[in-house]
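Trainee: Model the full assembly from the supplied sequences, consistent with the hints where possible.
Heads up: the sequence lines are chains A and B, in that order.
Every letter in the first sequence is one number past the one before it in this note's numbering, and letter 91, counting from 1, is 91.
Every letter in the second sequence is one number past the one before it in this note's numbering, and letter 105, counting from 1, is 1105.
Calculated from the structure, these hints are not laboratory results.
This structure is a prediction, so every number in the text was calculated from the model and none was measured.
Where is the CB? At the ideal position from N, CA and C, for every residue including glycine.
No incorrect hints appear here.
According to the in silico footprint, chain B covers these stretches of chain A (three or more CB under 8 Å from chain B): (1) 73-87; (2) 94-104; (3) 121-131.
Residues from chain B that keep clear of chain A, each with C-beta distances beyond 12 Å, as calculated: (4) E1045; (5) D1103; (6) D1154; (7) D1179; (8) R1193; (9) P1197.
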Amino acid sequence: MTATIYETTDAALDGISDGARVMVGGFVSASSPTNLIFALKRRGTRNLTVMATNIGFGDRLDELCEDRQIAKAIASFAVRASSARASRFEEQYRAGEVELELVPQGTLAERIRAGGAGIGGFLTRTGVGTQVAEGKDVLSWQGEEWLLERPLRADVAILKAHRADRLGNLSYRMAGRNFNAVMATAADLVIAEVEEIVETGELSPDEIHTPAVYVDRIVRCDPVEVRWDGR
Amino acid sequence: MAAEHKPRLTRELVAMRVAQELSPGSTVNLGVGMPTLVAAFAPPEANILLQSENGILGYGGFSEEAYDQDLVNAGGQPITLNPGASFFDSAASFAMIRGGHIDTAVLGGLQVSERGDLANWSVPERGGGSIGGAMDLAVGARRLIVAMEHTTKDGRPRILRECTYPLTARRCVDLIVTDLAVVEVGPDGLTLREVAPGWAPGEVVTLTDAPLTVHRGVPEMQL
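Mentor: Here is the structure:
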C-alpha cells in the first residue's frame, strides 16, 4: 500500500484520539520529529502515553507537558539525578502528576523491536537484581538469571527521517536511525516527517532504511533546529 | 595534613589513567560525564573504535565546527567521525552491546561494592535519576571500568561492602579508577593496584569502606 502524503503536520495527525499510546522517535536532537510534536501540541490530544528514549533531554517532547497532555511516559532518560534543573515532565513527575516507566535503553529498543516483529518476549540479563526486575519473571538458563521482558506496541508512531519517496520508503541521515527505524515497525499508524519527498525510484534500494511497508503517512517539513546544552 | 584534605587527581587525570587501560584496536563505549573525557587521551595510533549507543561506531572527538543536530553522541554532544565510521539503529546498537561485541565500557559511578556491584543512576535522597544505556552496558561489555570520585563531597567512601543506592547491575565491575587509586575487582574481592601521586596506600584504605587487599610496594599511577 502506498503511503499517503499530507500537506500539513496537523492533517497528518488526523484520527489520534485522547488516551492514545504514541511512540516518538529520535535521540536527543538527532532526527527528533519536532514538527509532529508541535502539531500534537496544537491538536491538544490528552491523556497520552508516550514512549520515547528521552523526554526533557534536549527534545521538544517535554512541551506536551505545558498543557498536561501526557499521562504516562515510557522512557530511558526522563528524570535527572538532581532536581536543580528540571524539565516540565520532571516537575510533574516529582509532584506525582504523571506516571513514568523507566526502562533501560537497550530493553526499550528490544521491546519495541519485539513488538514490531511479532515476538512475544525475550530474555535479557539487563536489569537482573535491580529495580527494573520488580514484578517481572526471572528465569534461569545456562547458569545465569535472565529477565523476561515483554514487547511494546503503540497506536501511533511519529518519526523523523531525512528523505521519503512517494511509496513511503524512508532514508535517515547520520545518527538519525536510532529509535525511528525501530518504532516504524511497532505501531498501528506510522507517521513520518521528512525533509524531502522524492519520486518512487529515486531513493536507491541501498539507502532505504525503513521499507515502505511500515509507513502510512508522510509529511514534508523543514527541520526544527534543536540543540541540547547538555544539562 | 589530614589525608582527606590532600590534593586529588583532576577529572582529566582520572580520564588519562583510564585511557591507559584501552587496548589498541579495541571497541570502547564511553559513558556520559567523566568517562567522556577519556576520548581525548586515547592515542590516535591505538586505533580505538568508539561506540555510541545511539547508533554510531567510529566517532572521533567533539565537533567544534558547524553544529549538526543529527550527529551527536549518547550524551547529546556534537561529534566528528573517523574514517570507517558507521551508523545503525538503536536495536542494532544494543544488540552490539548486549551481544558482547564491546570490548570495554567506561561508566561513571556513584558506588561500587566489594563484589563489583555498580550503582550509578540514582541518588535516593535526591529522588529521580535515569537509567539510559548504563544497565545494558554494565552487563554487555566484556570489561567494565568505572571512573569515579573515591569519596562523596562530604568524605564518605564510594567503594563499599554493599551498595546502598539502587543498583545498575550486580557483579559487573572489573576495574575502578578514582581520583585516589586504581582498584581491581577479583573473585576474592578488591585489590589496591595503584595510588595517586603523593598518596600512601594506608590513606586510601581509610577512605574505602570495603576491604582492600594491599600488597607490598603499591606503585603510584604513572600519568
